[in-house]
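Participant: Start from chain R and add chains X, Z and Y according to the hints.
There are 4 protein chains.
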Amino acid sequence: MAIEGSTEKREARIRLGMVGGGSGAFIGAVHRIAARIDDHYELVAGALSSTPEKSRQSGAELGLASDRIYDDFRSMAIREAKIKNGIEAVSIVTPNHMHYPAAKEFLRRGIHVICDKPLTSNLADAKKLLKVAQESDALFILTHNYTGYPMIRHAREMVKSGELGEIRLVQMEYPQDWLAEPIEESGQKQSAWRTDPKQSGAGGSTGDIGTHAYNLGCFVSGLELEELAADVHTFVPGRALDDNAHVMMRFKGGAKGILWCSQVATGNENALKVRVYGTKAGIEWSQQDPNYLWVAELGKAKQLITRNGAGANAAAGRVSRIPGGHPEGYLEGFATIYTEAARAIIAKRKGEKVEPDVLYPSVQDGVKGVAFVEACIASSKRNGAWVKA
Amino acid sequence: MAIEGSTEKREARIRLGMVGGGSGAFIGAVHRIAARIDDHYELVAGALSSTPEKSRQSGAELGLASDRIYDDFRSMAIREAKIKNGIEAVSIVTPNHMHYPAAKEFLRRGIHVICDKPLTSNLADAKKLLKVAQESDALFILTHNYTGYPMIRHAREMVKSGELGEIRLVQMEYPQDWLAEPIEESGQKQSAWRTDPKQSGAGGSTGDIGTHAYNLGCFVSGLELEELAADVHTFVPGRALDDNAHVMMRFKGGAKGILWCSQVATGNENALKVRVYGTKAGIEWSQQDPNYLWVAELGKAKQLITRNGAGANAAAGRVSRIPGGHPEGYLEGFATIYTEAARAIIAKRKGEKVEPDVLYPSVQDGVKGVAFVEACIASSKRNGAWVKA
Amino acid sequence: MAIEGSTEKREARIRLGMVGGGSGAFIGAVHRIAARIDDHYELVAGALSSTPEKSRQSGAELGLASDRIYDDFRSMAIREAKIKNGIEAVSIVTPNHMHYPAAKEFLRRGIHVICDKPLTSNLADAKKLLKVAQESDALFILTHNYTGYPMIRHAREMVKSGELGEIRLVQMEYPQDWLAEPIEESGQKQSAWRTDPKQSGAGGSTGDIGTHAYNLGCFVSGLELEELAADVHTFVPGRALDDNAHVMMRFKGGAKGILWCSQVATGNENALKVRVYGTKAGIEWSQQDPNYLWVAELGKAKQLITRNGAGANAAAGRVSRIPGGHPEGYLEGFATIYTEAARAIIAKRKGEKVEPDVLYPSVQDGVKGVAFVEACIASSKRNGAWVKA
Amino acid sequence: MAIEGSTEKREARIRLGMVGGGSGAFIGAVHRIAARIDDHYELVAGALSSTPEKSRQSGAELGLASDRIYDDFRSMAIREAKIKNGIEAVSIVTPNHMHYPAAKEFLRRGIHVICDKPLTSNLADAKKLLKVAQESDALFILTHNYTGYPMIRHAREMVKSGELGEIRLVQMEYPQDWLAEPIEESGQKQSAWRTDPKQSGAGGSTGDIGTHAYNLGCFVSGLELEELAADVHTFVPGRALDDNAHVMMRFKGGAKGILWCSQVATGNENALKVRVYGTKAGIEWSQQDPNYLWVAELGKAKQLITRNGAGANAAAGRVSRIPGGHPEGYLEGFATIYTEAARAIIAKRKGEKVEPDVLYPSVQDGVKGVAFVEACIASSKRNGAWVKA
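Residue numbers (the UniProt record's numbering), protein chains in the order written: chain R, 1 to 389; chain X, 1 to 389; chain Z, 1 to 389; chain Y, 1 to 389.
Okay, chain R solo, but in the shape it has when bound (with noise of 0.2 Å):
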């Protein structure tokens, strides 16, 4: 990034490919979109759909030329891993229970993975994934995009060099109000594999949103989870998964912790929200307006700081493509993802050490979310007993 000012040294372009994330995908879009933004890959293959027929449709629809349009994400990782210019990373968009099963595919081939969260559906899979992650020599990057925001890696820094001293509260949300209704018995595909525990997993809210809530406050505070207490529920008649979740948290050293996620509160469209506090300054970041982050030193006024403007670290400089007042939103933020991956992927492809400033969520951080889901319905299921993360 860093393009103000600038056109920037070119390394030629990834050769991406896509599985899942046809016709009727909502994140498959955002994955493609991201990709192309710091224009660091091309699509070039996919296996758009489970259903033959649709993948090749949206294959078509996408320019992929027809030879590298696939059936299944098998044959795709098979062929592409022999043939010349094949894929060197594939973007995983299926639903969750697909995560682990396609990834492996591709690690054991050696093409990078870029995954949507959560890891998987379930903690078996979770650390099967892991294993075959650390057994291959190809990359694994888990897109929590949120933590591609400036201003959460302007915060992130600030936690890290200590500017908030010792961290006492890491409070965490993310309401929405989508599910507030049954849309799912209306066939709406968003909301249909979401409340189904075959693709999804456990979790339903805590899996889908919850695991973004937890990977962030982690991300920012740099601490880790030790142990939750949960109160998890379920509102909607007739759901199969949560779609609300309160719970307590008690972070390695001391700090404690809430965590909201909600899919039934009206009038909350995308509301995550972080706030963390030390014994020196708070900070509050909100992902509807991310372009701000709040910093009030404790007997100091707040500080509204802007993205790329005047008290904007470098951290949060580097992540950032236009000046201050320029409003940069979802798509940049998840770009930042693809482009840290592509900073990792090229310095593979060329032998050299990854810049130690790429940051991008792992492997590892997905076991920890799905650990996190677990753990909730686990607590939820002993009326709320602590249990260890």
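Some hints could be false.
Since the list can't tell identical chains apart, any single copy or any two copies may satisfy a pair.
Within a straight-line C-alpha distance of at most 25 Å, the following computed DSS-like cross-link-like pairs (lysine-lysine) qualify [what the hints assert, rightly or not]: (1) LYS273 / LYS160; (2) LYS189 / LYS280; (3) LYS189 / LYS300; (4) LYS131 / LYS280; (5) LYS252 / LYS381; (6) LYS82 / LYS381; (7) LYS348 / LYS388; (8) LYS131 / LYS353; (9) LYS54 / LYS198.
Because the hints were derived from the structure by calculation, they are not lab data.
Facilitator: Using the frame of chain R, we list chains X, Z and Y on its own:
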């Protein structure tokens, strides 16, 4: 209220005494302003400090006649109950542990009591006070002042009339930062008694501000707590009482909630916030911007209702003094409690029935608040087990 | 003020009379609350309406002794000046055209005048009133109430002490929407006299609210207007006075500004806003959120200063009653003007010098305001030619 | 756009060239990202700098084939018009004075032009360019990028469909602070050409940002300017062009407006704001929070419409990529202009009619912008006399 564009037919002012609130006390001055704003009271007597000399000096400074300045609340109750034109009502603004002994003396003598919160420093006293109040013909008003804000009245009315549908979630938070450091050690008066179990009771932040948030959540939602699970904590080393609490709640009827109160959340002045989400609509209110209420009907754009503005309902207008766009604040909200009390006291004086729209926190609300504090402590001692409210 | 944590040494209350402010008048009630909040006044006499019967009824409703209710202001001035314990000060809250004749009667008899704005309905009267005031030993206080807001005091102090550097721009705006339709035609009292040239003078929105914005811009910036060019307009058909004005300004010393006032800007309740930009820093303040002041030093992150919070200066703290995070509003700001007046009046009473930090709008400020209105009208008649202030 | 939940049927990408935008240029990089986001373009040729060596280096960095990197725009136009698969469109992102000569070369050869604003550095050139464009079969698109924001489309549609009633007021402001000090003297490239009359033309802030605000006010309101009165000023000593302007406006049909643009308003990053008030409703939009639109119907509570959220209209949804609550920013708004252009270009390519909802700023809009700048300067030279637009 409803003074807009009119004078008001005025009854003779209520003769008021005060217990506590001498030199160095913050909340006493607030009560005096609140009593003056709508002009229903006249302060004529006081036992303003437990130190007789200080009481006398403070009384003189306030312009009280010297024979109406008392060394202690008991002598005040005894004499004022006897003399012609003695006080009709008394404001009790002492530290918590004195609320019960003081209130008792006045209630037993038929003098109305306007008492600061929390009701008492422990549940045993609270129950005794409840009994005394029930046996007395005098009124008891608890100054959970935040219930006096017009937009809180608007919110409550919306819930009552079903505009939110069935309530699912009540989220309460009350972060402050003024106790982020051990300022009580340097003798700062406000913090000294609030962190002293002998004067405050078992709860620190839970008693001081948690009770406000809890009362407000119940006031708006009309719900009753069934059980809670709490993680109550003291972050500042050496402090005897809690300065942070995380509480998960289950309300009768199936709604759920979180309550977070903190006095170490750096950057928060007095950030009380209540959010209520139902099946049909959700509302959000923040004490620091009290003239606004966010209302979101499911599937419609959010509305920002302003106090006495277009869209404000009659319950809000009833306790509003000036037009929308002319902000009213904390003191006006507090004054509304005094004015509601005055309506009831004057009705009593005239032998009339209190109008049904008069609304103020009662001794029962106070008992619930103290029970809430003790339940938080009890749950926390049992490592967050669910405890009946 | 500065009541936080203390009682105040109290002088005997100032005996106050009121001219205007009877039944149906909004601003009279505001003045009465403002006079009560800090407890420096006691309302003891009134000529509350130009209709004697209404005056008497209103006086009774306010609890005035019957011999202190007058049929007209002149009899009130004459008698109150003679009797023992007659009024020391009078509040004049009539329509504009009565300010001069009423004020004159009291000033000439040594009774202090607290007068609503604008000073008079025309510049000739304003200059006569200036002369009367200068010849009188009594004080004259103009209730440009917005100058009483703590964050406005903060802002002014910042400019004065050079924190903004050299001022370049003063942007004032005051949009409302309550006159977007011809409500005066249906006899709504507030609008009826405000749109009547006989009672208001030559200015409609310019006089009613433009003068507030202009006064505030000058109060904060410390600048004096040199010349203006105005486009004054009436949007609502059949209305005799302006309901919108655009004004370009040049201040002495080279700063520039824009003033926009409107009573037809749909969606604006009382959106007075002042922004001042200097070579070193800029500030922004909005009346509807008065407890906040944005401060931006060139090249640094913006700060949000809160009333009486960390970062608020002594000038703001001096006129603040309660801690930061406990919002004060319009009535408290108005009360500050009354309290500043009380400080001056009590100093006079005691033969002492008024403390130098006492600050209230003067008769000279009032003359400037009326001159501003007439300059706007004059410029507009000459199609926006620049007119000396 | 409208990619939510779908792939898109894709036409072959438009072959794009670029003039200007080499190393050190900010806006060139923005255009390139904007062209990529929706994947309708492929950058294949460039004359990226007036210095041939720099053009070559920049082209190589961007991965252009060496025979498609040109020393100057004229050779590029000549050759690309001849070769097979030459460019179909060109982006012109040079300083203002080169827009006309460059655009002419391409338009005359039937190559579509996407040109940065303002149209030209003077009105004479603007009129010549208009003529060239009218005589050409190629399209001309001016990147007044702010018209691409979804909530701006929403606002425009509201006005068009009569939801605001008759428009009375259009208030535009565009304050920045990056030129508060003479940074051009130290050679900062962005400021150097913007403050140089030879490259920018007669307007400084008026041309650079005033034209944006003016264009946006007209775009939303649908009004045409009749005359203006301006006070244009240079605050920073030694600067050749204006850095602040105050403009009063009268629109055809009777509406009025103010436009303020400034590059010395300390604390403002890029605070473009448009407010339109009609007889029935008013709207407010701020570029720094572009996903929101305030809508206030007279006599109702304000609504906060969010991009692609409940309440957003079809005109907003049409140019929205992702769901409400997932903020889109400046780059997406810019990309919308490119995508609208692509729709028109592809229609041309296929010999089809452009769909009627395709909307982009035209060469005529550009002429109006340059005329606006010259009218501001002319009015200001005549001390603010009204000048016809």
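Participant: None of the hints should be skipped; say for each whether it holds.
Facilitator: Here's how the hints hold up against the structure:
Taking the shortest alpha-carbon separations for LYS273 and LYS160, only the intra-copy value of 20 Å comes in at or below 25 Å, while the best inter-copy value is 30 Å. Taking identical chains as interchangeable, the C-alpha atoms of LYS189 and LYS280 lie at most 25 Å apart only when they sit on different chains, with a minimum of 23 Å there against 46 Å within one chain. With identical chains, the CA atoms of LYS189 and LYS300 are at most 25 Å apart between copies only, with a shortest distance of 22 Å across copies and 49 Å within one. For the identical chains of this complex, LYS131 and LYS280 are neighbours neither inside a copy (40 Å) nor across copies (46 Å), given an alpha-carbon limit of 25 Å.
Within a single copy, LYS252 and LYS381 get their C-alpha atoms as close as 24 Å, and across copies as close as 20 Å, so both meet the 25 Å cut-off. In this assembly of identical chains, the alpha carbons of LYS82 and LYS381 never lie at most 25 Å apart, being 48 Å within a copy and 62 Å across copies at closest. In this homomeric assembly, LYS348 and LYS388 never come within 25 Å of each other (Cα to Cα): the closest approach is 37 Å inside a single copy and 58 Å across copies. For a Cα distance limit of 25 Å, the shortest separation of LYS131 from LYS353 inside one copy, 22 Å, qualifies, whereas the shortest one across copies, 57 Å, does not.
Taking the shortest alpha-carbon separations for LYS54 and LYS198, only the intra-copy value of 22 Å comes in at or below 25 Å, while the best inter-copy value is 57 Å.
Consistency with the previously given hints fails for numbers 4, 6 and 7, ordered from lowest to highest.
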